[in-house]
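**Student:** The lines below spell out each chain.
Number of protein chains: 2
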Amino acid sequence: MAEKIVEELKPFFEPKAVAIIGATNKKGKVGNVIFENFKRNKENGVFKGNLYPVNPKLDEIEDYRVYHSVKELPDDTDLAVIAIPAPFVPQTMRDIAEKGIKAVIIITGGFGELGEEGKKLEREIYEIAKAHGIRVIGPNCVGVYVPDTGVDTVFLPDEKMDRPKSGAIAFVSQSGAFAAAMLDWAAMEGIGIGKMVSYGNKIDVDDADLMEYFVHDDEINVVTFYIEGVKDGRKFIESARKITRVKPVVALKSGRTEYGARAASSHTGSLAGQDVIYDAVFKQTGIIRAEDFEHMFDLAKAFASLKHKLPRGDRIGIITDGGGAGVMASDAVAKFGLKMAEPSEETVKFLREKFPPHAVIGNPTDVVGDTDAERYRLALEAFTKDPNVDAILVIVLFQVPLLEDEKAIEILADYQRRSDKPIVAVAMGGRKTDRYAKMLDEKGVPVYPTPERGVRALAGLVRYAQYLKKE
Amino acid sequence: MAEKIVEELKPFFEPKAVAIIGATNKKGKVGNVIFENFKRNKENGVFKGNLYPVNPKLDEIEDYRVYHSVKELPDDTDLAVIAIPAPFVPQTMRDIAEKGIKAVIIITGGFGELGEEGKKLEREIYEIAKAHGIRVIGPNCVGVYVPDTGVDTVFLPDEKMDRPKSGAIAFVSQSGAFAAAMLDWAAMEGIGIGKMVSYGNKIDVDDADLMEYFVHDDEINVVTFYIEGVKDGRKFIESARKITRVKPVVALKSGRTEYGARAASSHTGSLAGQDVIYDAVFKQTGIIRAEDFEHMFDLAKAFASLKHKLPRGDRIGIITDGGGAGVMASDAVAKFGLKMAEPSEETVKFLREKFPPHAVIGNPTDVVGDTDAERYRLALEAFTKDPNVDAILVIVLFQVPLLEDEKAIEILADYQRRSDKPIVAVAMGGRKTDRYAKMLDEKGVPVYPTPERGVRALAGLVRYAQYLKKE
Numbered sequence: 002m003a004e005k006i007v008e009e010l011k012p013f014f015e016p017k018a019v020a021i022i023g024a025t026n027k028k029g030k031v032g033n034v035i036f037e038n039f040k041r042n043k044e045n046g047v048f049k050g051n052l053y054p055v056n057p058k059l060d061e062i063e064d065y066r067v068y069h070s071v072k073e074l075p076d077d078t079d080l081a082v083i084a085i086p087a088p089f090v091p092q093t094m095r096d097i098a099e100k101g102i103k104a105v106i107i108i109t110g111g112f113g114e115l116g117e118e119g120k121k122l123e124r125e126i127y128e129i130a131k132a133h134g135i136r137v138i139g140p141n142c143v144g145v146y147v148p149d150t151g152v153d154t155v156f157l158p159d160e161k162m163d164r165p166k167s168g169a170i171a172f173v174s175q176s177g178a179f180a181a182a183m184l185d186w187a188a189m190e191g192i193g194i195g196k197m198v199s200y201g202n203k204i205d206v207d208d209a210d211l212m213e214y215f216v217h218d219d220e221i222n223v224v225t226f227y228i229e230g231v232k233d234g235r236k237f238i239e240s241a242r243k244i245t246r247v248k249p250v251v252a253l254k255s256g257r258t259e260y261g262a263r264a265a266s267s268h269t270g271s272l273a274g275q276d277v278i279y280d281a282v283f284k285q286t287g288i289i290r291a292e293d294f295e296h297m298f299d300l301a302k303a304f305a306s307l308k309h310k311l312p313r314g315d316r317i318g319i320i321t322d323g324g325g326a327g328v329m330a331s332d333a334v335a336k337f338g339l340k341m342a343e344p345s346e347e348t349v350k351f352l353r354e355k356f357p358p359h360a361v362i363g364n365p366t367d368v369v370g371d372t373d374a375e376r377y378r379l380a381l382e383a384f385t386k387d388p389n390v391d392a393i394l395v396i397v398l399f400q401v402p403l404l405e406d407e408k409a410i411e412i413l414a415d416y417q418r419r420s421d422k423p424i425v426a427v428a429m430g431g432r433k434t435d436r437y438a439k440m441l442d443e444k445g446v447p448v449y450p451t452p453e454r455g456v457r458a459l460a461g462l463v464r465y466a467q468y469l470k471k472e
Numbered sequence: 002m003a004e005k006i007v008e009e010l011k012p013f014f015e016p017k018a019v020a021i022i023g024a025t026n027k028k029g030k031v032g033n034v035i036f037e038n039f040k041r042n043k044e045n046g047v048f049k050g051n052l053y054p055v056n057p058k059l060d061e062i063e064d065y066r067v068y069h070s071v072k073e074l075p076d077d078t079d080l081a082v083i084a085i086p087a088p089f090v091p092q093t094m095r096d097i098a099e100k101g102i103k104a105v106i107i108i109t110g111g112f113g114e115l116g117e118e119g120k121k122l123e124r125e126i127y128e129i130a131k132a133h134g135i136r137v138i139g140p141n142c143v144g145v146y147v148p149d150t151g152v153d154t155v156f157l158p159d160e161k162m163d164r165p166k167s168g169a170i171a172f173v174s175q176s177g178a179f180a181a182a183m184l185d186w187a188a189m190e191g192i193g194i195g196k197m198v199s200y201g202n203k204i205d206v207d208d209a210d211l212m213e214y215f216v217h218d219d220e221i222n223v224v225t226f227y228i229e230g231v232k233d234g235r236k237f238i239e240s241a242r243k244i245t246r247v248k249p250v251v252a253l254k255s256g257r258t259e260y261g262a263r264a265a266s267s268h269t270g271s272l273a274g275q276d277v278i279y280d281a282v283f284k285q286t287g288i289i290r291a292e293d294f295e296h297m298f299d300l301a302k303a304f305a306s307l308k309h310k311l312p313r314g315d316r317i318g319i320i321t322d323g324g325g326a327g328v329m330a331s332d333a334v335a336k337f338g339l340k341m342a343e344p345s346e347e348t349v350k351f352l353r354e355k356f357p358p359h360a361v362i363g364n365p366t367d368v369v370g371d372t373d374a375e376r377y378r379l380a381l382e383a384f385t386k387d388p389n390v391d392a393i394l395v396i397v398l399f400q401v402p403l404l405e406d407e408k409a410i411e412i413l414a415d416y417q418r419r420s421d422k423p424i425v426a427v428a429m430g431g432r433k434t435d436r437y438a439k440m441l442d443e444k445g446v447p448v449y450p451t452p453e454r455g456v457r458a459l460a461g462l463v464r465y466a467q468y469l470k471k472e
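Keeping their order, the protein sequence lines are chains S and X. Start counting at 1 in the first sequence, then tack on 1, and there's your number in my numbering. Start counting at 1 in the second sequence, then tack on 1, and there's your number in my numbering.
For the record, the hints were derived by calculation from the structure and aren't laboratory data. Among the clues, some could well be false.
Note that identical chains are pooled: a pair holds if it fits in a single copy or bridges any two copies.
[Stated by the list, open to error] DSSO-like, lysine-lysine: derived pairs with alpha carbons at most 27 Å apart: (1) Lys232 x Lys444; (2) Lys248 x Lys284; (3) Lys40 x Lys433; (4) Lys433 x Lys166.
All chains, please: the whole structure from these sequences, using the hints.
**Tutor:** This is the structure:
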C-alpha cells in the first residue's frame, strides 16, 4: 500500500517527462505560462525531465518541437498537464489512457463548480481515470509546485506572483487563489515550501492520498492543509492517523460558521459539515487546527525547525529585554493553556551572581533595556539546563542600544543546536528586526512578530508532543 | 479645565525652547542621542524651537553653547528633558522650579522600579512638581515623539530604530521598550504616528491627562494605549468618557491573566487588577479593547481613515476574487459578532446583467480568478448603493492574471471617497501586494493581510458606532 501511493503520486512531483497539453506561444495564456515555467526550470537545470508541448495547431514553440496529439508523445511521458477547454478534456483523457500515462493534472476550470453539466463531465473523466488506473489532480486547480524538481503548473506569471524557496513544509490547498497568494506571501517571508498541491475540485487525488504520500516523503517535516470540506471521512481519518504518528499536520478548515459554510458551498460546492465533527476528527487524529493562515504558517515554521526536538512538557520559560513584551507573553502562556515554568533555585542563584541588580530574575527573566548579548547567553545557559523548563521563548527587542545584535543571534542559534529544548524567538520591530528575524529563521530559530504568536506556536509544539505521548 | 490641560501639556509637544539636561558629546549616551535628535530636527527645519544643552562640564557641543546650570538657561525655556543619574534629579527639579519651567520629561531610570529607595526619590520629585505646578512625564521613560514638531526624546539612535512618519494616530505606552519596538514597526508598515508618549513610572502625567489633552488635539483621530495598570480609576473613567465621545480610543491592557499580572507587577510595579474590572470599564467608557498589538494598530489604522464615516449598522458585504478568502471572511463575520448583509434584489439583478455566468453573485460576491478591475467597480457600485449593506470588505488577491492592479486600487479609493459606507480591504500576498497595500492605505483604504484581521477591524468600527449611538 505504501509503495503503491508513492509510485502513483511520484510522477506529479518528479516526472521523467511532462506533456503540456494546450501549450501555446500566446503570452499570458495558461498554456503558455505553464510551458514557460517548465522551460525556464529546465534551462536553469532544476527541472531534469523532458518537456513536450502538445498543440494540434503548432509545430514549434521557442525551439521546442510541438506534438500534435497525445498519441504522438514519446513513451517516457509520465505526467500530463491539461490546459484546454473543458469540453475537450474527456477525449484527451481517453488518448492519455491509451498512451499509458498514469498521472494527470487538469488545470482547466468549468466543471463541477458551474453546475450539473460540469459535474457530468467530471464523472466522465473520473470513469476513464478509474478504468485505466490514472491518478488525477484537479480539475479547476492550480496544480503542483515543487521548487526542488522544477515542477510548476502555477499559471500566474512571475510578475504577478513570487515563488518561495524550497523547505520542509508541504502546503495543500483546496483554493487555487489562496494557494497562489500563500506562495507569494511565503516567498516574501522567506518561508520554504517543499511541495505545494492545489487540487481544486479533487475528483480523484485528495487530502487523504496526499497524507499517505507525505508519510514517505523525507523532504517534508510538516504538512499544512487549507480545506473547505472532506468527502470521504473514513479515508481521511485513516490517513491522518498514519501521518501524524511520523510528522505533524496543521489544518486550516474554513466554513466553520453558518456564514462560512454557506460561502464554501457556493465556492467549491463543499459541504462544510458540522464544524464540531471536524474539530473532533482533528483532535482524534492529532491534526492541529489553525485559526487562520498566519496561525497555520506560524505552526508550520515551528515544526519545520523543531519537529525533532519537541518539548517534554508544557512549562515555558520566558527571557525578554522588554518588560511589557514579557507581560504580554505571560498572558499568552495562560491564554493558550500552557504553564509558566518555576525556575529552579540553581537558575535563580546562577543568574543572581551574574546579573546586575536591576535585571529581573524569574519567569519572565528580564535582561532589561541596557542588556548586551552576554546576558541572553547567561539566561539561556540557565534555562536550557533547568529541569523545570520544557521550552523557551526568547523575546529580543533589537532596538535596545547596547545589544550586539549579530552576537545575540549567534547565541540563540548556538543554544538551539546544543540544547534538546525547543527555543522560539519573538522580535518586534521594523526593517532591521525583519532582517534579523530572517537570519534567525535560517539558523533554525523560528521567529514571530508578536509575543502572542510566539507562544501560540509553542503551544502547537506542546499539543503535538502530548498527542504523540498518548498514542 | 479644557484650556488648562492643553496649556499644561502643550510644551511637551510644541516647546518654544527645550533644555537637554545631561546633554553630552559622548556618542551613544542617552544625553547625546536626545540632543542629536533635536539638533537634526532643527537643521531639517522640523523643530522650530531653541535648543539648549545643559552640562556643568562642557562649554560647547557641536557649535551649540552649553549652559552650565539650569539657572543660566534663557527665559524662553518651556521644556526640560532630564537625562542625568537619579540621585541628582531632585536638586535639578528644584532649579527647574526656581527657573519657572513647567514641563519636564525625566528619562532617567533607577527610581520606583528598583524599590523603596527609588520610590522615595520619586515622591520627593513629585512634591517639588506639585508645589510649583510643574507637569512631569516619567521618570524611567522614553518620553515623547512628535514627527511634526521635531520633539524626539527617544534615546535609541537611528541605526537601532526607524522613526515613523506623521499621521492621525496617537500612541501612548507604559513600556518604553515596547514603544520603541512599535515606532520601529510603524515606520516599516507605513503607519503614521502623530504623537507618541511613553511615560514609564508615570508619577504625574498619566493616561487620563493625555486623553483630556487629545480631546482638543485636532491632528489626532484615534488614541491607542498600551497599559499595564491604571492608578486613579475614577479620573481614568472621567477622561475616557469625554474623549470617546469625540474620538475612538483603543487600549491594549496586558496583565490579563494571573501569569501576566505577576509579570506586570515585577515590570512596572503595576497592580494589574482584576481583569474583569478593566473589561467593564472599557465597555462602559466606549474604549475598544485590543487583543494584541497587531489588533491595536489594525483598529487604529481603520479609525485613522474612517473615523468620519462609521458604519450605520453591522451588516457586512464581502467582495472577493478568491473563493477561499471569501469563506474565511464569512467565518470571521460570524466570529466577530457581525452580520452578513443580504444583498437587495436590485444588487443581484444589476450584477446578474453585468457579470459573466461563472462569477458568484451574492454575499460574498466572488468576481472570480479571471476578474478585471471593472468587475470590482461594478460590485462596489452595487454594494455602496445597496440599503442592506452597512460596510464593505473588499478582498483583492493581486496574483490573479487579468486584474489591472493600479486601476483596481483607483476604483477602491474612488468609492471610499464617494460613498458614505466604510470600505476596508484585504490583500494577501508577497512583495507586490505589500507595495499595493501601502498605496491603498495612503489613499484612505485601510488594508489588512488576512480576511480575519480585516473583518476584526470592521468589527471595531461597528462597535464604536454602536457605542456613540447609545450615548
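**Student:** Against this structure, judge whether each hint is valid.
**Tutor:** Hint-by-hint comparison with the structure:
1. Lys232 x Lys444: neither (40 Å within a copy, 44 Å between copies)
2. Lys248 x Lys284: within (15 Å within a copy, 44 Å between copies)
3. Lys40 x Lys433: For Lys40 and Lys433, the Cα distance is within 27 Å only across copies (24 Å; inside one copy 37 Å).
4. Lys433 x Lys166: For Lys433 and Lys166, both the intra-copy (22 Å) and inter-copy (17 Å) Cα distances are at most 27 Å.
The earlier numbered hint that this structure contradicts is number 1, and it is the only one.
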